[in-house]
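Novice: Make the full structure from the sequences, and use the hints.
Chains as they are written, first to last, in the numbering used here: chain A, 328 to 640; chain B, 63 to 439; chain C, 62 to 436; chain D, 719 to 1240.
Don't read these hints as lab results, they were simulated from the structure. Accuracy of the hints is not assured; some may be wrong.
Cut-off 30 Å, straight-line C-alpha distance, at most; resulting in silico cross-link-like pairs (DSS-like, lysine-lysine) [to be verified]:
id, chain 1, residue 1, chain 2, residue 2
1, B, Lys428, D, Lys944
2, A, Lys494, A, Lys518
3, D, Lys1104, B, Lys313
4, B, Lys290, D, Lys1073
5, B, Lys415, D, Lys800
6, D, Lys843, A, Lys494
7, D, Lys837, A, Lys518
8, A, Lys518, D, Lys800
9, D, Lys1073, B, Lys288
10, A, Lys494, D, Lys837
11, A, Lys494, D, Lys800
12, D, Lys1045, D, Lys1150
13, B, Lys306, D, Lys1105
14, A, Lys492, D, Lys849
15, D, Lys848, A, Lys492
Listed next, with one range per pair, are the computed distances between beta-carbon atoms [to be verified]:
id, chain 1, residue 1, chain 2, residue 2, range
16, B, Ile89, D, Asp801, 28 to 36 Å
17, A, Ser446, B, Val284, 56 to 64 Å
18, C, Val374, B, Ala195, 57 to 65 Å
19, B, Ile89, A, Phe379, 47 to 55 Å
20, D, Thr871, B, Arg420, 34 to 42 Å
21, A, Val410, D, Phe840, 30 to 38 Å
A virtual CB, placed ideally from N, CA and C, is assigned to each residue, including glycine.
Residues per chain are reported as follows:
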Amino acid sequence: MLLLIQYTLIFASVLILVALGGCFSEHSGVINIGLEGIMVMGALGGALMLKFVPATVPAIVMIVLVIAAAVLVGMLYSLLLAVAAINFKADQTLAGTALNLLGTAAAVVIVRAINMAESKDNVSSTITYIESKKAFLVRIGGFEFNWFMLIAAVALVVSYIVLYKTKFGLRLRACGEHPQAADSVGINVYKMRYAGVLISGMLGGLGGIVYITAGVSEWKFENGVAGFGFLALAVMIFGQWKPVNIGFAALLFGLFRALSNVYTGFPALVALKLPSTIYNMLPYIISLVVLAFTSGKSRAPKAEGIPYDKGQR
Amino acid sequence: MNKKEKKSLLRNGAFQSLIASLACILIGLLVGYIVLLLINPAGAGKAIISILKNFMYYPTKVKALQYFGSTLVKTAPLLLCSLSVLFAYKVGLFNIGAAGQYVAGAGACLYCALAWNLPWYVCILAAVVVGAALAAISGLLKAYCNVNEVISCIMLNWIALYVVNMLLSTVKDASSPYSESLTAKNPGALIPSAGLSALFANNKYVTIALPLAVVVAILVWVLLEKTKLGYELKATGLNKQAAKYCGMREKYNIILTMAISGALAGMGAAFFYLTGVEQWAVTQTSVPGMGFNGIAAAFLGGLHPIGAIFSSYFIQHITSGGAYVDKSMYCAQISDLISALIIYLCGFVFFFKLWLNRVLDKRDEKRAAQGQKGGEA
Amino acid sequence: AKETATEADTSSVIQNETETTTSGETYKIAMVTDSGDITDQSFNQTTYEACKAFAEANGVDFNYYKPDSDSDEARIAAVDQACAEGYNIIVLPGYLFGATLREESPAYPDVKFIALDMSEADLRGDQTDVDLSEVYNVENTYCAIYQEELPGYMAGYAAVKMGYKHLGFLGGMSVPAVIRYGFGYVQGANAAAVELGIEDEVTVEYAYGGQFYGDADITAAMDTWYSTNGVEVVFACGGGIYTSAAEAAAKVGGKVIGVDSDQAPVIDAYAEGMTITSAMKGLAPTVNTLLSAIVLEDTWADYVGKIDNLGLVSENPEENYVQLPLESTQWCDTFTQDDYKALVASMVAGDITVDNNIETMPETAITVNDLGNIK
Amino acid sequence: MCERGRGKVTLENYAIEMLGITKRFPGIVANDNITLQLKKGEIHALLGENGAGKSTLMSVLFGLYQPEEGEIRKDGKKVEIKDPNDANDLGIGMVHQHFKLVECFSVLDNIILGVETTKGGFLQKDEARKKVMALSEKYGLQVEPDALIEDITVGMQQRTEILKMLYRDNEILIFDEPTAVLTPQEIQELMSIMKNLAAEGKSILFITHKLAEIMQVSDRCTVLRKGKYVGTVETKDTTPEKLSAMMVGRNVSFAVEKKDAKPGEVVLDIQGMTVASKRHKNNAVNNVSMQVRRGEIVCIAGIDGNGQTEFVYGLSGLEPLKSGTIKLNGEDITHAPIRKRSMMGMSHIPEDRHKHGLVLDYTLENNMVLQRYFEPQFTNKAGFLKKKEIHSYAERLIEQYDVRSGQGPVTLARSMSGGNQQKAIIAREIDKNPELLIAVQPTRGLDVGAIEYIHSQLVAQRDAGKGVLLISLELDEVMNVSDRILVMYEGEIVGEFDPKKVTVEELGLYMAGAKKGGGKNE
Ligand SMILES: Nc1ncnc2c1ncn2[C@@H]1O[C@H](COP(=O)(O)OP(=O)(O)OP(=O)(O)O)[C@@H](O)[C@H]1O
Ligand SMILES: Nc1ncnc2c1ncn2[C@@H]1O[C@H](COP(=O)(O)OP(=O)(O)OP(=O)(O)O)[C@@H](O)[C@H]1O
Ligand SMILES: [Mg+2]
Ligand SMILES: [Mg+2]
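Specialist: This is the structure we're talking about:
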């Protein structure tokens, strides 16, 4: 049971962070299909930090450094989307897709280059961080608390406040709903959209490192992040672009994900003999069904996906 | 006078797409080369060359021909995926689900071939139908529940993958994670070569799938540009309400568009797996990249069916070329990197054209203005 | 006579090569990975390291190739490529190379093929009725298969003897070698339990990860085994999948059994003394034997055309192709080295036989929960 | 008539001067050396045909576009207006033709957007709310601060836009076609509001196509034609006729001259039509029965939002009926698909030309055949389009109906002026040679020239023996064009009148729902 909770929470943390990322980007008017790729890059940044910082440094230092790395790399990478989508009015779905493909490819190339530089034979795309990773974990009885759970929760609250209680949030959402209006009252739509995308890069990158440290102490980057970025996208929509709902959606999806792995701990479920594929598939099916019913009056930002161009009306 | 000609040529949309695409390719390769240099200056040049040479790497004509064949074999499905993407895109839908429809198609044709021992044409049909059906779901959701097709497609991609893995597990080798080999189980399901393989040093995977793919490309072009149906579909894609207002069955059209798009992707899968070149690994944990590369090919081809033929070949060419990079220095992902870069750069094409036209307009206005001034004076 | 002939034209083709070795012949060794990479922490890696070591020791040219996709077409392409670059000894680890051999061994009569994990069945593919010599080129190919069920048996036996009652088996993908390990493991555990008369106390959780690497999902499953279900030791059998087992074991001081090579060094990185033993098969020795046979001793003739079924050959465990590591195994007074030696002896003698079928889970007195693929 | 502005440099104190402004767009000079001088505290009307360059000129003043030539002065000092911020800092505000409000924000949020008051980054809405309420008191601009824009009437949306300007203490207020979207009542309110503002010393620029409004509120009026400056006149010593002459370059007749109608047999017969409402529980159209005969123009008058839109949707098949029957030429089409209705001779000039009327990203020629691309003359049996025929057909319509655009048949509809977009639609619908022509607010946002033209076309159709059903919000249009007036109020026909026998005032009462059960005054 504890395990179920633990894994639900850790998976949910990943989903919350990444989905919030998508949420910011879309509220600014930029669809971010590229979350998957951003996660990989963020993960890469964090993993390298874990690899190169000696495991002996105090936990808090390690945590800060790793997060900083993941966030930074994530943001830098999301710049690719920002430039293409905002300055060059590229098709956002296209740019996002490119980011996804590029993310994994680049990560593998980089990691291999590093590994091979270290030892000629090590052509693997794997980074190991057995010791250094322990910094994130605190055992409370049978429960393994992960600092990222806290961070995700905080991110959730902060996002809510930023989006709905601050000037920045008001302007950001205006840019996603009606950029011409925002422009006509002197808000710099381009700046705002940059902000939105960069924040999504930040949270996406963070989500990435959380994911690859969630259960293992080494990561093989050929495997990307196994569709978690897309799952997060589903969470965001399921949560109707609202932080609080996203929180719940993430918990639900996290639960399914966890169930698919720890169900052997529940005789009842074992008895069902459902292939775990079913559990893995459920989140996608559910979000489709939910979409079908909610999208009629979907709260998706109106101007999302439409490049903003002063000349156009 | 020749100024005029130059202008008219620059103004020509097709020509613009061509330059744009070439630019994308060049920049993509350049960046790839730089990456190689960073990793290991020694072999960078050799590596990029071998990527570009692909099969020409073989000294002997025979082998070269044979592997030229292999590249073509993999081009056919890519072409169909890119057609799937660009068809939907022309009608205002972004079918990111081509990947999933491809998976569904693969599942359908392999299952028909292995479980029911059906002949190849039936298997292709099955793939087409299933691909279409899957895409039609997205269409339905968009038409009746206004669910953004990109999102529903992404969901369906994963669902398709899981389902197909489950389905094909029932027809897999007892002792391996692969679907049974067609040659062994049901040679009748292999697409006939009709003597084509002879042209490619008896590369037995070269089949009539190649010419068929090209024919389909041409058909797509005709459908889009020349027919009433194309006119209707595009209108619907551009303005649903207007389409309804003038009596088009707009919901039906959206669904039809997705269905056709999905059918193309499904056919792509059939054209790949029914050559026997590859078996399906039921343990795949991620959707095959074919559909996504299709996006690349579609945009690199300037969203033109005929352009797609060449862009698809190019993408496949460098992808296969990646295999010849010296593994002791670099990894094959370099070519993934390059094609990903190219997709990314394709995003800039529209802006490039816009910019080019703006420049031309400015120039013409200046001319006009001067002309007027001259007139007044 | 034939062999020498082969030798002759081999040399004739490669005269123009530059590399020369002690034996005066000129060889270039290439290895092709099956679908994984040479860092799969499994047979690809072992084979690669063995080849490389040999090549460096004897100044032979060596390189490896990785097919660009997981298909026979790609594997064949990789071999073509190696041959085109003048490599004339090709090492192929993994049962997936059957089709490749059928195609390539006749195509390159002057190249020597060494196929590991290659059973006759794999080699024949669907050509079950024709004579083997028509299936592939018996004049330039050597195949070896390992009796993984034996080391698996030993590991299972050892684990129960060491006093562990709740065992687990976490396979990678359900491929023949892995299955043989697993079923052997179950039989071994069963035998030991019966011997100790504790059939009803011993349980084996049996599952495949469906992949050769660990991740959060598999770790979650392992956590359930160790923490919730109280599994004490897990036989992590397949590439990097041990990472998930070790990850989970570390949290509750659980134990792990390594595979293929002595994995104690790798796995103990997670926690001291986590690895109670490893079920090893002698890929490296085989590679060495054959490469030296070709390059150094000119005794290739003794091997070519064979499909060896490598297992136990001697009472002395260390001379066998399958074994447990003598030093890193955690011997205890319920299972001493001598007990192990005795076990090996009786296995050699044939007093103990291990069933090697991979179709159905062996009949056992102990409880086995077959969970199938958990991902 | 005064000379071109550059000549007489300012002695009186102007709030704003735009001197010799030139702005080019691809293929067109939207503003060609235009001069506009706005006095303090005056209401200055800007008049011109569609595409004359009014919005562009205002956009230049508001910093949305940069002019190629010319300069702008505030209180005699030269100023640079690079973007709306600069305009704001100079106290210039604008109510855009198409409102720039965030639908899912509250009125208050929209007003403060861009000039939010914050403490430590957090929004402080209380003072803002006070200030807004104060303003709305002072100028009689009622709004509900917390209502979402998407839930309030167009009128209140516009009041929000005005409050936006006032909240920013703007001195110079630009209104681009503010009345195009308002009901008569709302228009009157707006007029008085503008007067108050002017009285407060604010200077107002006011774009409209309705001369009556200009005569009513403006002090002076500047006229543009085809991007060129024609002149500026004192309103008190000019007349609508003079103005329209200046604007179009010829005399325009307002009274639509037409012979008496000779109604023939019934074309359209509606019995008990009821259409459900998307917004509220009770029906949008409730048990409406009416007829249209050949050779008459029947007009449905009423204030916006009284079910006219739904009525037309039901009639044209865009929405299903809840109950009732529709007969066209005696044939029941209640459940017929849209295409069938169209082929049976129903033409429909839609209310929203951007939403329904056009595929904005299609070329003009493709839009011209939108209703008949499938006919054998444009598509052969094999299902291929006959491009040549389509092209020449489009050229003919453009010629015949004088649709102006950049590149003729191959112009993107999006880039055409609204007026010309409307002409294109009318050409398409009329050339179908329909039995019944449904025209919904066909002259909305168009200039008098265009309006005159369209009215004459409607009459021509009538005289050709077609049935014409006109839905309009503008009383003078109703009175001038129609042969029979039905007033719609809350989804029901509350009265039927003969335009010659009824007064605007009486109609107004019915439209406002003050009187019901309209006596058929025969
Ligand atoms: N952003 C733009 N790009 C290109 N052409 C434009 C643009 N905006 C306006 N035009 C063109 O400039 C001309 C003047 O446009 P403008 O908006 O000033 O007309 P207008 O007087 O406001 O017309 P209306 O009465 O319909 O509002 C029109 O022909 C229009 O097509
Ligand atoms: N991006 C653009 N490119 C070309 N022309 C444009 C563009 N945007 C607007 N126009 C044209 O410029 C003119 C001014 O636009 P505006 O929206 O002010 O008037 P409009 O379109 O006529 O709206 P309405 O019909 O309500 O008057 C219009 O005729 C419009 O069609
Ligand atoms: Mg205007
Ligand atoms: Mg207008």
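Novice: So, for every hint listed, does it hold in this structure?
Specialist: Results of checking the hints against the structure:
no.: 1; hint: B:Lys428 / D:Lys944; in the structure: 20 Å, holds
no.: 2; hint: A:Lys494 / A:Lys518; in the structure: 14 Å, holds
no.: 3; hint: D:Lys1104 / B:Lys313; in the structure: 26 Å, holds
no.: 4; hint: B:Lys290 / D:Lys1073; in the structure: 22 Å, holds
no.: 5; hint: B:Lys415 / D:Lys800; in the structure: 26 Å, holds
no.: 6; hint: D:Lys843 / A:Lys494; in the structure: 11 Å, holds
no.: 7; hint: D:Lys837 / A:Lys518; in the structure: 22 Å, holds
no.: 8; hint: A:Lys518 / D:Lys800; in the structure: 17 Å, holds
no.: 9; hint: D:Lys1073 / B:Lys288; in the structure: 26 Å, holds
no.: 10; hint: A:Lys494 / D:Lys837; in the structure: 10 Å, holds
no.: 11; hint: A:Lys494 / D:Lys800; in the structure: 24 Å, holds
no.: 12; hint: D:Lys1045 / D:Lys1150; in the structure: 20 Å, holds
no.: 13; hint: B:Lys306 / D:Lys1105; in the structure: 23 Å, holds
no.: 14; hint: A:Lys492 / D:Lys849; in the structure: 20 Å, holds
no.: 15; hint: D:Lys848 / A:Lys492; in the structure: 19 Å, holds
no.: 16; hint: B:Ile89 / D:Asp801: 28 to 36 Å; in the structure: 33 Å, holds
no.: 17; hint: A:Ser446 / B:Val284: 56 to 64 Å; in the structure: 57 Å, holds
no.: 18; hint: C:Val374 / B:Ala195: 57 to 65 Å; in the structure: 58 Å, holds
no.: 19; hint: B:Ile89 / A:Phe379: 47 to 55 Å; in the structure: 32 Å, violated
no.: 20; hint: D:Thr871 / B:Arg420: 34 to 42 Å; in the structure: 41 Å, holds
no.: 21; hint: A:Val410 / D:Phe840: 30 to 38 Å; in the structure: 32 Å, holds
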